[in-house]
Structure formats: structure tokens, C-alpha cells
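Got chain Y sorted already, so can you dock chain D onto it with the hints?
There are 2 protein chains.
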Amino acid sequence: MGNKITSLYQIKYPIIQAGMVWCAGWELASAASNAGGLGIIGSGSMYPDILEEHVKKCQKATANPFAVNVPLLYPDIEKHMQVIIRNKVKHVFTSAGNPKSWTSILQKEGVTVTHVVPSVKFALKAEEAGVDAIVAEGFEAGGHNGRDETTTMVLIPLVRKQTNLPLLAAGGIADGRSMLAAMILGADGVQIGSRFAACIESSAHNNFKEAIVSAKEGDTILTMKDLTPVRLIKNKFYQEIQKLEDKCASKEDLAAHLGRGRAKKGMFEGDLESGELEIGQVSAHISEIKSAASILQEIWEEYNAAMQDIKNFPAE
Amino acid sequence: MGNKITSLYQIKYPIIQAGMVWCAGWELASAASNAGGLGIIGSGSMYPDILEEHVKKCQKATANPFAVNVPLLYPDIEKHMQVIIRNKVKHVFTSAGNPKSWTSILQKEGVTVTHVVPSVKFALKAEEAGVDAIVAEGFEAGGHNGRDETTTMVLIPLVRKQTNLPLLAAGGIADGRSMLAAMILGADGVQIGSRFAACIESSAHNNFKEAIVSAKEGDTILTMKDLTPVRLIKNKFYQEIQKLEDKCASKEDLAAHLGRGRAKKGMFEGDLESGELEIGQVSAHISEIKSAASILQEIWEEYNAAMQDIKNFPAE
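Each protein sequence line maps, in turn, to chains Y and D. Counting the first sequence from 1 gives a position; this note's numbering is that position plus 436. Counting the second sequence from 1 gives a position; this note's numbering is that position plus 436.
Just chain Y, same shape as in the assembly (with noise of 0.2 Å):
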């Protein structure tokens, strides 16, 4: 029985892993479309053509159904879209910038358009522009984020309140329990991030995953708000940051500090002292590296499990 999230993407569960950097390539996304859920490649640390491999790889590991997600603010976005729409991708996830510019460019192409927002405000946007279906993603989701700072528990019923569109919850959820909570909240279904960042196939650095894995509750924070908003391990790296915040550094010198490539050091390369390490609160949650596919079993059959408990609720 489907819903949806199912149909749209034509799935077997309506479960998302989320396209993140330096996580998600084709060894990860092939895993959990292959598995039931809908993968999807991460091309916010890719070029082009590194991108347009993992594309043809993915479709030669499965059958199934993947997304491509794209930061809309990439600079090589043409490019990036091209690749997508040459290897007839079928479903594309948009975050961080104007849904406007690709949304009816893609779909004239036949691919879907689900469009990632922080915030209701966002979610009305993404709906005016066409989009297929949202993910509103609350404060505790790792990586960026929005300014609001609404959790998934309050952030989902608003965004139900004011759209029909199919809705994916994101931030928070790691196992079938909070699944099914965020579904009674208004969701169709979930996109989860941490939980196959530290995943066998995902392709982060295994420090990274150990990092994941070992992170306790308060091990994360979101930071460089004057900056763009984003959540990670409170690192060495981090740990200066906010030494340069509190002595109110101007957004110059945080943006020196800060330089290119920290993403890349933490989570692809392992550095755990001076690389930025992106991950979500429910990292707290996560205690084994699994491969994608029994991640996908142990949620739906939770989920399953979870629904069975509600006959002991108190009622009426």
C-alpha cells in the first residue's frame, strides 16, 4: 500500500536518503534505490563531469528510480543541468536558492521537481513555482539551514496547514518511530540524512562515519549564523570559530577563517580537527555503520512496528 511520495516517485517506501556533499555518490544512491527507497546523488561537491560518472554509474548499479539533488546557488548549475537532463534523470531535489529559474525547465523534460525548504514562507515559494513535491527540513537537521530555526515538530503541521503537495519531513528522523511521528505531523513520507551519511556506502572519509557514530546529545550546534547557517560537530574547527565570534570578528574575518574547502577536509578527507564536519542532532541516535539496505529494512519494519503500539495508547 502506497501513498503519495510512493507514486510521484514510484518507489516501494516512502523513505528518501537525502542527496548529501561528499556523502552521496552513485555507490550510495544505487544502494537505496536498489533497496526501496528513493537515493539520490549528492552533486553539491561534484564538477560536472565527476557528477555526469555517478549519474551513468548509478543507472548501471539500478533499475530503480534516483534523484540528482542541486543546490540552486551552484555556479556551474547549467552544466550540472544538463548532465541531468542528457542522462534522463528522472527526479531532481533543489535546495538553497529560487526554485523559479529550473523548476518548468526540468519538468518540460519529464523529470520531477521536489524543492527542500526551511520554513513555510519558503514552502509557498516552491509551491508558486511548480514544484512537485517539498521537503521541509526543521533546525535540527545537519548542513544548512534555515534562519528560523522551526523544529520538524512544529515546522511540518505548518507547512500541511498551508499546502496539498506531497510532503517529505526531514531533520530528526533516523529510525521508524520518529518516521511515523512525522508522518502523523503531516508528512507523506521522510528524507534522512545523517543516518546513511554513516553508512558503508555512503562515501564519506570512515572518520567521519566514527565521528557520526560517537556523537552524543549536544554534539552539535548550528553555527556561523552571520555567515550561512549550518549545523556540525563542535570540532576543533568549530571551537575557533566561536572564539572569533565572541570577540564579534566581522563577517570578513570569519569568512577568512572559514576559507574553502573545510566540507571537503572534514567529511570526504577525515581531518576531525580542521574540516567541517556537517551532521544533523539525530546523530546522537545513530550507534552502528550499516549498509543502506538494512538501514531501509530496520526503518520500514520499525515504522510497521510503531503502528502496532498505538493500539495500547490511551483513547477514547
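Because the hints were derived from the structure by calculation, they are not lab data. Warning: the hint list may mix true and false statements.
Because identical chains cannot be distinguished in the list, a pair is counted as satisfied if it fits within a single copy or across any two copies.
Unchecked claim - Think about it this way: if two alpha-carbon atoms lie no more than 30 Å apart in a straight line, the pair counts; the simulated BS3-like pairs of lysine-lysine are:
#1 K597 - K496
#2 K670 - K687
#3 K561 - K672
#4 K496 - K440
#5 K448 - K493
#6 K492 - K679
#7 K597 - K645
#8 K687 - K672
#9 K515 - K544
#10 K448 - K747
#11 K652 - K515
#12 K683 - K515
#13 K561 - K652
#14 K652 - K536
#15 K670 - K493
#16 K661 - K679
#17 K661 - K557
#18 K440 - K597
#19 K670 - K597
#20 K544 - K440
#21 K679 - K557
#22 K672 - K683
#23 K526 - K536
#24 K557 - K672
#25 K670 - K544
#26 K661 - K561
#27 K440 - K652
Relative to chain Y, chain D alone:
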């Protein structure tokens, strides 16, 4: 059909009305208890003689159990506890302090003790102190809040994993869907603040109630992190604090600007410009000032309806 929470407090619905300062007097607490929830008198804004008056009036207004919330850092706490014991109040909710100091003293007098925590760490300390139940409160909650910024979606499953104590979820909950979501995450019931702060029987100033029902997404923020973190509406008072923080004012300067009595000024006297307006993110969902009884009834009906909706969810 009840559960751990309805048994512990001897109430009909596992719905607790939070003991908010300047909002939760005997009128609100008795109305919530009469309607089948657990009403709480918020003693944090009361002198001991005022608290005694509220307790006596509450006892006259309802035959059902109710509770008193006591911030453990309250200077005259000894006198507050004497009022509670002398008047045979059945339940105490403690917050903001070490639960070791009063838990066993109260329990010897036949009072149940429920402690409010923002993290797993403090939940475990509360369990060690022998409390009867725990309220775990997420980042999205109004008023004073923890430093780890863990959201309800992430916090409730973390606490549930570590303890079998009766567990109430708080933060981001204002209706029956969010109540059911919190229970799927592992709570046995919910504590609701913002929605009751804006209800007819709340002793808050009407200006504050109107500010709550007008609040939209992004209108609250967790601020004053250098002093004691508090979530409030971004009004003129907040903008001033923000300006001081932006130029790296010292803690002393911040404390001097904050002064005393800001919460009373805003919430009780209705000064929306220079008062402190403590409220949760979920205020964005609240659009009407209703009676406590109709709020409780509505939440319970929505919760029961949401359980039925699950039958249409995708499943195995």
C-alpha cells in the same frame, strides 16, 4: 483506557497544563483539572502567601488533583514547599535546579515529584534523585531552556532509551496530532504551555494573549544564551538585547539592561514593547483564545482522530 501518566496523577487524559509564570494561577489550573487534564499552578511568579491563596482557591474550584510547579532556584523555596505540604497538594513539578534537594522530602509527605529536564544528562540525574516522572522539554519550548538545544523530535527518543520512568514531552506540542507524534516518539503524555498561556483562564494580560495568537513562524527565538537561555517573542526588548549582544556587551551590561521584572511587565502587565514575552515556537499554530476545557477536549478528539488516520498510511 489510561496509562502510566493517568495512573500516576489520577487524571482522565495524559495532558498536563504547564505551570507557566504569570499565566498559571488557580483559575487556569482548576479549569484544566476539571476538564480531565492535570492543571498546574506556576509558583515561580508568586510570593509564598500568594501561592497559598492560589492553592486554597484551586482546591475549592476543583475536586480533581492538580500540581504546583516550583523552580528549585526560587529564593524562598522553603516557604513554598511548606505551603505545598501544609495544604496537602498531591503533585509537584520541579524545574531549574537540582532535584536531589527536595524529592525525598516531598515524597515522604505523600507528594509525587515530576522534574523538568532539557537533556538526557539531566533526566538521568532526576532518576537518580528518585523522581516519580520526567518532563523532557525540547528547544522549541517557550521560557527558559537548555543549552544543548536538543529538539523534542530528538530528545524524547533519547530520554526514552535511558529510562522507564513515566515521561512527558514538552515543546512544540499544542494539538492532538503533535500529542500523538510525541507519544510515538516514546512519551506517555504531554505538557502543553503556549496554548494554555493564551487561553481564557490564563492570568496573562490580554495583550500578551493577543501577541501569542498573532505570532507567526520565526517570531520567537532562543536568546540571552550568555545569561540564562530563554525563548521569547522578538519584540523591542529583544531587539535591544540583540544590539547589545551584537556589539559583544559584557554579561554585566546584559544583566543590567535586562533588569528585574521584565517577564511580569510583558506577560502580566501587557507591555509588549519593553516586557519579556516568553512563549514557544508552537505559538505559530495558535490562532484563537479559547477556554481550557475546550482546548483539552479538542486536543483529545484530534489525538483520537489522528490514531484513526494511521489506518490510511502506507504499510506492509
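Hint-by-hint comparison with the structure:
no. : hint        : result
1   : K597 - K496 : neither (40 Å within a copy, 41 Å between copies)
2   : K670 - K687 : both (20 Å within a copy, 23 Å between copies)
3   : K561 - K672 : between (38 Å within a copy, 29 Å between copies)
4   : K496 - K440 : within (27 Å within a copy, 53 Å between copies)
5   : K448 - K493 : within (22 Å within a copy, 58 Å between copies)
6   : K492 - K679 : neither (44 Å within a copy, 52 Å between copies)
7   : K597 - K645 : between (37 Å within a copy, 22 Å between copies)
8   : K687 - K672 : both (20 Å within a copy, 25 Å between copies)
9   : K515 - K544 : within (17 Å within a copy, 72 Å between copies)
10  : K448 - K747 : both (25 Å within a copy, 18 Å between copies)
11  : K652 - K515 : neither (40 Å within a copy, 39 Å between copies)
12  : K683 - K515 : neither (41 Å within a copy, 43 Å between copies)
13  : K561 - K652 : between (36 Å within a copy, 17 Å between copies)
14  : K652 - K536 : between (39 Å within a copy, 25 Å between copies)
15  : K670 - K493 : neither (35 Å within a copy, 50 Å between copies)
16  : K661 - K679 : both (14 Å within a copy, 15 Å between copies)
17  : K661 - K557 : both (19 Å within a copy, 27 Å between copies)
18  : K440 - K597 : within (17 Å within a copy, 32 Å between copies)
19  : K670 - K597 : between (35 Å within a copy, 24 Å between copies)
20  : K544 - K440 : within (21 Å within a copy, 56 Å between copies)
21  : K679 - K557 : between (33 Å within a copy, 26 Å between copies)
22  : K672 - K683 : both (17 Å within a copy, 25 Å between copies)
23  : K526 - K536 : within (19 Å within a copy, 59 Å between copies)
24  : K557 - K672 : between (35 Å within a copy, 23 Å between copies)
25  : K670 - K544 : neither (43 Å within a copy, 43 Å between copies)
26  : K661 - K561 : within (23 Å within a copy, 33 Å between copies)
27  : K440 - K652 : between (35 Å within a copy, 28 Å between copies)
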